[in-house]
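Build the full structure now, drawing on both the sequences and the hints.
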Amino acid sequence: MFIRTCKNKKKNGKVYHSHQLVETLQTEKGPRTRILFSLGRLDLEPGRIKELEALFRERLEGTPPPKAAIPGLILASDPELVAIVEAAMRGDLTPGKKAKTPVPRPTGRAALDPDSLQTEENRSLGPEILAVDAWEQLGISSVLAREGFTPREQALACALTVGRLVAPGSERATHQWMRETTALGEILGTPEHLDVGPDALYTVSDRLLEKKEILESALVQNTRTLFPSDSLVFLYDLSNLYLEGAAKGNALARRGHSKEKRSDCPLISFSLVVDERGFPIASRIGPGNQSEPETLPEALDRLETLSGLSVFPGAKKPTLVMDRGIATKENIALMKTRGYHYCVVERRPVEKKYADLFEKARETFEWFAPHPERPHEGVWLHKILVPEAPTEKVTAGEGQDKTSPSTEPVARVLVLSTARKAKEDAMDALRETRFATALGALQRSIRKGSCVRPDIVSRRIGKILARFPSVAKYYTVLPVPADPVPQSGSKNGETKTPAGKGRKSTAPAGPRIADLVWTQNVKREERNLLTGTYVIETSHADRTGREIWSLYTTLTRVEDVFRNLKSDLGIRPVFHQKASRCMAHLFISILAYFLLSNIEHRLREKGETRSWKTLLTLFGTLWRTTVTGRDPHTGFDYRIRMTSKPEPEQRGILDKLGIKSLLRRVVSRVRSEKKEVEAPSGSST
1 MFIRTCKNKK
11 KNGKVYHSHQ
21 LVETLQTEKG
31 PRTRILFSLG
41 RLDLEPGRIK
51 ELEALFRERL
61 EGTPPPKAAI
71 PGLILASDPE
81 LVAIVEAAMR
91 GDLTPGKKAK
101 TPVPRPTGRA
111 ALDPDSLQTE
121 ENRSLGPEIL
131 AVDAWEQLGI
141 SSVLAREGFT
151 PREQALACAL
161 TVGRLVAPGS
171 ERATHQWMRE
181 TTALGEILGT
191 PEHLDVGPDA
201 LYTVSDRLLE
211 KKEILESALV
221 QNTRTLFPSD
231 SLVFLYDLSN
241 LYLEGAAKGN
251 ALARRGHSKE
261 KRSDCPLISF
271 SLVVDERGFP
281 IASRIGPGNQ
291 SEPETLPEAL
301 DRLETLSGLS
311 VFPGAKKPTL
321 VMDRGIATKE
331 NIALMKTRGY
341 HYCVVERRPV
351 EKKYADLFEK
361 ARETFEWFAP
371 HPERPHEGVW
381 LHKILVPEAP
391 TEKVTAGEGQ
401 DKTSPSTEPV
411 ARVLVLSTAR
421 KAKEDAMDAL
431 RETRFATALG
441 ALQRSIRKGS
451 CVRPDIVSRR
461 IGKILARFPS
471 VAKYYTVLPV
481 PADPVPQSGS
491 KNGETKTPAG
501 KGRKSTAPAG
511 PRIADLVWTQ
521 NVKREERNLL
531 TGTYVIETSH
541 ADRTGREIWS
551 LYTTLTRVED
561 VFRNLKSDLG
571 IRPVFHQKAS
581 RCMAHLFISI
591 LAYFLLSNIE
601 HRLREKGETR
611 SWKTLLTLFG
621 TLWRTTVTGR
631 DPHTGFDYRI
641 RMTSKPEPEQ
651 RGILDKLGIK
661 SLLRRVVSRV
671 RSEKKEVEAP
681 SGSST
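Going letter by letter, the sequence shown gives residues 1 to 685 in our numbering.
Treat the hints with care, since some could be wrong.
Listed next, the in silico PhoX-like pairs over lysine-lysine satisfying Cα-Cα at most 20 Å (straight line) [unchecked claim]:
#1 K578 x K212
#2 K29 x K14
#3 K329 x K360
#4 K316 x K329
#5 K463 x K211
Taking CB as the label site, the calculated pair distances span [claimed, not checked]:
#6 G510 x R434: 30 to 38 Å
#7 N521 x E373: 40 to 48 Å
#8 S580 x P454: 54 to 62 Å
What the hints contain is simulated information worked out from the structure, not anything from laboratory work.
In this text, a Cβ means the ideal position worked out from N, Cα and C, and glycines have one as well.
Following this line, the structure appears as structure tokens:
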């Protein structure tokens with residue numbers, strides 16, 4: 001920035017001098033000068049011209065004059081130069097312009113016109129900050145780098161995982177979110193890595209699936225290093241989800257019983273092993289019609305491959321907790337053979353064997369209320385020891401199978417849950433009401449004579465029994481045949497029967513049904529006795545009934561995991577038509593759950609119990625935005641990229657997670673040539 005002298009020669013030969021304040025800009029065509037102010041003719045010595053340049057520089061850029069120890073010293077000591085600067089700022093020295101009222105501003109600071117302020121490029125930041133912090137804690141980028149992922153592929157893998165956690169959806173939806181909604185590129189510091197088409201995301205998801213077991217093992221290792229635990233309780237369960245479309249090219253797509261009541265769609269199944277804190281240990285994806293019991297051997301094989309990690313401190317094997325859908329007699333024997341402790345509710349109705357004990361449960365069982373603040377809610381417990389059956393141990397070679405009886409007993413805990421009994425009684429009452437209503441409608445039809453043929457009555461009874469199988473087994477339904485009717489007045493053995501709307505028709509004479517009756521059988525009383533009851537079996541015979549029941553109820557953790565995967569992490573529905581893409585889609589959701597469990601566990605350690613779904617709503621107002629405005633004095637257009645100030649609740653969560661600072665403010669100014677010049681950054685938000 002300097003003052004130059006301009007010569008203007010008139011036709012009469014006279015030469016006039018004027019002065020301009022200009023600055024040099026670097027453009028694509030080379031250096032160019034730009035006029036800032038036309039100062040008219042200045043009658044100043046060359047030395048004072050230099051001082052005036054310094055004063056303009058101080059006023060416009062905040063740079064103090066070289067002779068001034070304190071900014072503004074020369075301004076205060078040379079009124080003539082001050083007057084020139086102020087006149088230029090007001091526009092009084094610019095020919096042909098009307099004097100303007102100056103906008104007050106601090107010395108050396110841009111003063112933006114309030115009417116010119118706008119915001120643009122608003123991007124979500126809050127949830128992504130939490131997710132990326134968990135990504136870095138788990139060291140996922142380092143694991144990917146060891147497996148040969150380039151920096152761009154690492155960034156895209158992070159985008160896929162964080163996108164599934166923050167904005168659940170398909171890979172195509174994640175691509176749109178990545179390009180239009182999130183500030184993830186700024187958080188990672190490499191926004192250019194995310195400037196890709198959707199095909200790049202599919203390619204990276206395929207590579208992630210190829211490294212599935214390696215990634216899972218590394219993340220399990222890193223998680224247990226971050227949050228060490230001596231407890232070895234693993235929870236195992238299986239679920240399924242439906243596919244959109246016919247999925248004819250998908251080898252995993254099968255028809256079966258949908259747990260989401262979408263049996264009209266093809267299904268795929270997936271199973272999970274998690275620890276008692278909810279951290280994932282292993283996952284498996286399989287055909288949609290696979291039965292639950294047959295998935296356990298492969299899950300045990302996967303756990304064996306993890307035995308060298310810190311997952312198994314002291315070379316001990318974990319205790320497996322699972323529901324009755326997987327705990328067949330064969331699977332229990334398999335766990336014993338492989339040396340695993342277990343805690344299960346068996347599939348076979350063992351509670352019937354203890355009906356006489358359950359009948360006196362409220363007098364002889366131990367009352368246990370797990371929540372002291374709700375002493376009326378609890379369970380009745382009774383522990384018994386049962387001699388363990390002989391276990392088959394398989395050894396190498398044909399004919400080498402041996403059976404060695406075990407003398408160690410197993411423990412069974414008989415449980416009567418008051419809450420479960422109330423729930424099951426209500427469900428039974430509702431089903432029985434609907435069952436009786438359907439039978440009553442058929443009974444009225446029979447009594448009116450509109451449905452009397454035995455074959456039709458039997459067909460309608462069969463349909464009712466099929467609609468209510470859980471209730472029908474406790475009832476006996478009998479049609480009552482009518483007495484034979486004399487055939488007087490009939491021709492050729494035919495009798496007249498009503499045909500509707502006053503018309504008459506002839507039908508062959510034959511047996512008729514006069515009424516319908518139904519009665520409860522003895523099994524219904526047994527059902528009343530056993531509602532709300534179940535039997536837990538475990539190999540931990542040394543534990544108390546309360547400890548065994550508490551161990552089994554940790555199974556709700558894996559149920560929470562499935563709920564999170566299906567509801568909060570966009571695992572359903574699946575639009576892919578290829579098996580490999582379906583598996584990659586599910587695995588990305590499992591990676592996202594690694595982040596979710598990390599965040600929630602760290603917050604629980606600090607006494608914060610809010611779920612990820614609540615945090616997602618809370619941090620939805622923390623954004624990254626660009627504020628634009630114009631300085632009317634200098635003509636600069638400013639662009640300020642900044643982060644909104646966290647609300648007190650948001651700040652509290654960030655502090656508990658150890659996130660101290662967010663993205664820094666970035667300021668740039670643009671001239672009419674649209675050439676951006678970086679200005680000094682402000683402090684972080």
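Agreement of K316 and K329 with the hint, judged by alpha carbon distance not exceeding 20 Å: 24 Å, violated
Pair hint outcome, K463 versus K211 [Cα-Cα no greater than 20 Å]: 51 Å, violated
Pair hint K329 and K360, alpha-carbon separation not exceeding 20 Å: Violated, at roughly 28 Å.
Restraint check for K578 with K212, where alpha carbons must lie at most 20 Å apart: It holds: about 17 Å lies between the C-alpha atoms, which stays within 20 Å.
Satisfaction of the hinted span 30 to 38 Å by the C-beta atoms belonging to G510 and R434: Hint holds: Cβ distance 32 Å, inside 30 to 38 Å.
Hinted pair K29 and K14, Cα distance within 20 Å: Violated, at roughly 35 Å.
Assessment of proposed distance window 54 to 62 Å (beta carbons of S580, P454): Once the Cβ atoms are compared, 57 Å apart, the range 54 to 62 Å for P454 and S580 holds.
Hint check for E373 and N521 - Cβ pair distance inside 40 to 48 Å: Holds: the Cβ-Cβ distance is about 43 Å, inside 40 to 48 Å.
Against the hints set out earlier in the document, violations occur for numbers 2, 3, 4, 5.
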